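Let chain X serve as the given structure and place chain V on it in line with the hints.
Take a look at the letters that make up each chain.
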Amino acid sequence: MAFREINSKMVEATVMPGQKLFSQRGAMLAYKGEVSFTPNMAGGQGGIMSMIGRRVANEDTPLMSVEGSGTVLFGHGGHHVQVIHLAGDTLCVEADRLLAFEGTLQQGTMFLGSQGGVMGMVRGQVSGQGLFTTTLKGHGAVAVMAHGGVFEIPITPQRPVHVDPQAYVAHHGDVRNKLSTALGWRDMVGRGSGEAFQLELSGNGAVYVQASEEKL
Amino acid sequence: MSTYGTPGGPTVLDPASLPVDDNVNAYTFCVELKGSQWFLQKGKMIAYYGSIDFNGVGHGRLDRLVRTSFHSPLHASDWVVAEGSGKMLLADRAFDVNSYDLEDGNLTIRSGNLLAFQPTLALKQSIVPGFLTLIGTGKFVAASNGPVVFMEPPIRVDPQALVGWADCPSPCHHYDHGYMTGLMGGLRALTGLGGASGEEHQFEFVGAGTVLLQSSETLMAEQATGAVPPDAGVPGGGGSHTGPSQPAGVPRLPGQLGDLQRRFGL
Numbered sequence: 001m002a003f004r005e006i007n008s009k010m011v012e013a014t015v016m017p018g019q020k021l022f023s024q025r026g027a028m029l030a031y032k033g034e035v036s037f038t039p040n041m042a043g044g045q046g047g048i049m050s051m052i053g054r055r056v057a058n059e060d061t062p063l064m065s066v067e068g069s070g071t072v073l074f075g076h077g078g079h080h081v082q083v084i085h086l087a088g089d090t091l092c093v094e095a096d097r098l099l100a101f102e103g104t105l106q107q108g109t110m111f112l113g114s115q116g117g118v119m120g121m122v123r124g125q126v127s128g129q130g131l132f133t134t135t136l137k138g139h140g141a142v143a144v145m146a147h148g149g150v151f152e153i154p155i156t157p158q159r160p161v162h163v164d165p166q167a168y169v170a171h172h173g174d175v176r177n178k179l180s181t182a183l184g185w186r187d188m189v190g191r192g193s194g195e196a197f198q199l200e201l202s203g204n205g206a207v208y209v210q211a212s213e214e215k216l
Numbered sequence: 001m002s003t004y005g006t007p008g009g010p011t012v013l014d015p016a017s018l019p020v021d022d023n024v025n026a027y028t029f030c031v032e033l034k035g036s037q038w039f040l041q042k043g044k045m046i047a048y049y050g051s052i053d054f055n056g057v058g059h060g061r062l063d064r065l066v067r068t069s070f071h072s073p074l075h076a077s078d079w080v081v082a083e084g085s086g087k088m089l090l091a092d093r094a095f096d097v098n099s100y101d102l103e104d105g106n107l108t109i110r111s112g113n114l115l116a117f118q119p120t121l122a123l124k125q126s127i128v129p130g131f132l133t134l135i136g137t138g139k140f141v142a143a144s145n146g147p148v149v150f151m152e153p154p155i156r157v158d159p160q161a162l163v164g165w166a167d168c169p170s171p172c173h174h175y176d177h178g179y180m181t182g183l184m185g186g187l188r189a190l191t192g193l194g195g196a197s198g199e200e201h202q203f204e205f206v207g208a209g210t211v212l213l214q215s216s217e218t219l220m221a222e223q224a225t226g227a228v229p230p231d232a233g234v235p236g237g238g239g240s241h242t243g244p245s246q247p248a249g250v251p252r253l254p255g256q257l258g259d260l261q262r263r264f265g266l
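Those sequence lines, one after another, are chains X and V.
If you're matching positions, the first sequence starts at 1 in my numbering and goes up one per residue.
If you're matching positions, the second sequence starts at 1 in my numbering and goes up one per residue.
Think of the hints as simulated: they come from the structure by calculation, not from any bench.
The structure presented is a predicted model; accordingly, all values stated were derived computationally and were not measured.
Don't take each hint at face value.
Computed footprint of chain X on chain V; a stretch qualifies when at least three of its residues, placed anywhere within it, have a C-beta under 8 Å from a C-beta of chain X [as the list claims (entries may be wrong)]:
#1 142-151
#2 155-169
Below, simulated DMTMM-like cross-link-like pairs (lysine to aspartate or glutamate); rule was C-alpha separation at most 20 Å, straight line [unchecked claim]:
#3 X:137 / X:164
#4 X:20 / V:176
#5 X:32 / V:152
From the structure, some residues in chain V lie toward chain X, with a derived Cβ separation under 7 Å [to be verified]:
#6 210
#7 213
#8 216
Don't be surprised by glycine CBs; every beta carbon is placed ideally from N, CA and C.
So here's chain X without its partners, still in its complex pose (with noise of 0.2 Å):
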């Protein structure tokens, strides 16, 4: 395992010759060994191409590469950390959101009216994803942060799941997400619940909510 939990807002990661990670920039706390950090132009994998595009997504954040042989501690601002582990499947996550990665993992950029066309949409505003979110696909742990703690949801066809789209983190498996409204004559005179919209997640799989509705 690459990524191991020290407490609840940092985890140990072990590098060894060949193996490459990424990582949010700034988020190393202390390592021991030979490691080197390269700031990472293009921001993650992939060519040119790749880089435009998260560009223009605005789902680049600015990473680095980890090579070397020792262990590195990663921590951020505080926030909690959760390491999901991924085996063949796609996360969705946002890019901010990112800690570290193993580079054996697949970084992508997903436009979110693919999925469900103008509400896909209407969705990423709502969650605070944008139009745009990052996958993270392959075999491969995944350190992501999350203001407060981070619980697992499993997700079965027979059991959908709604999560605040504020309290979401991130999510991985085949899952279908869809905005559920429940706005009435309340909300439009101003005493609603304040939950009027929820994010359905619905397929199989799992998703990630934090104990928080703030914003990383």
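Frame of chain X; chain V shown alone:
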């Protein structure tokens, strides 16, 4: 975490059930005073039971105490002495709080992180600006953003994640020269394009000892450690320094414009 979901609602504490010199929860520490004294930084006491006096440091009666265990005379106004009997709760802006025991040891800690200490310890200003050193035997309480992690040297630490160190003889700066020099490094420094990795400068610790890290790069508000005498040779003392006229305190790194200027004779 363990206090969540306890049957019958939240635990209600009274003077008898409050822990003695231990954490109430991750963010609050309880100190028991039995005619003894504690030094604490101003504003860190949140509640107390019993009869406890809080006196500013440096008043006549406490002069002897200050002489033995307080060695930052110019910093004295930021500290108070708690004296009496009772129980006192300490906390700091919901940061994690922990107590540490020293046995005939020494520990250097970032000035903003220290909350309180027993007078059996001597508090001295570190040569490293912004840090305080505790020497002797006793208990002290310190805050950190996230739990503190103890690491053994050799290790290189992000400057903002460093809380303190014990017994380490050699805290020093480490620069990633491979990153900052060369054509790309110069370009980056000149144009800002490509950005810094944010990790081209660390504190390096070698030798035997322990290094204390916090889990985040969010610093506690800096506490003034007090000025040092303005003598020559005292770091941060502002004494006369010899050598080329460089602004003190701002290290000039290779690859910055200044070097180019010199190279081209500008």
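Here is how each hint holds up against the structure:
Counting residues of the stretch 142-151 of chain V whose beta-carbon sits less than 8 Å from any beta-carbon of chain X gives 5, enough to reach three: the coverage restraint holds. Note: the stretch 155-169 of chain V has 5 residues with beta-carbon separation from chain X under 8 Å; the three-residue rule is met and the coverage holds. Taking the CA atoms of residue 137 of chain X and residue 164 of chain X, the gap is about 25 Å. The hint is violated against a cut of 20 Å. Under the criterion of a C-alpha separation no larger than 20 Å, the hint pairing residue 20 of chain X with residue 176 of chain V is consistent with the structure, at around 19 Å.
Proximity of residue 32 of chain X to residue 152 of chain V is assessed by CA-CA distance (about 9 Å); at most 20 Å being required, the pair is judged to hold. Hint on residue 210 of chain V is violated. Least Cβ distance to chain X is approximately 13 Å, over the 7 Å limit. Proximity of residue 213 of chain V to chain X holds as hinted, the smallest CB-CB distance being about 6 Å (cut-off 7 Å). Below 7 Å, beta-carbon pairs count as interface contacts, and residue 216 of chain V has one with chain X at about 4 Å; its hint therefore holds.
Hint check: violations occur at hints 3, 6; the rest are consistent with the structure.
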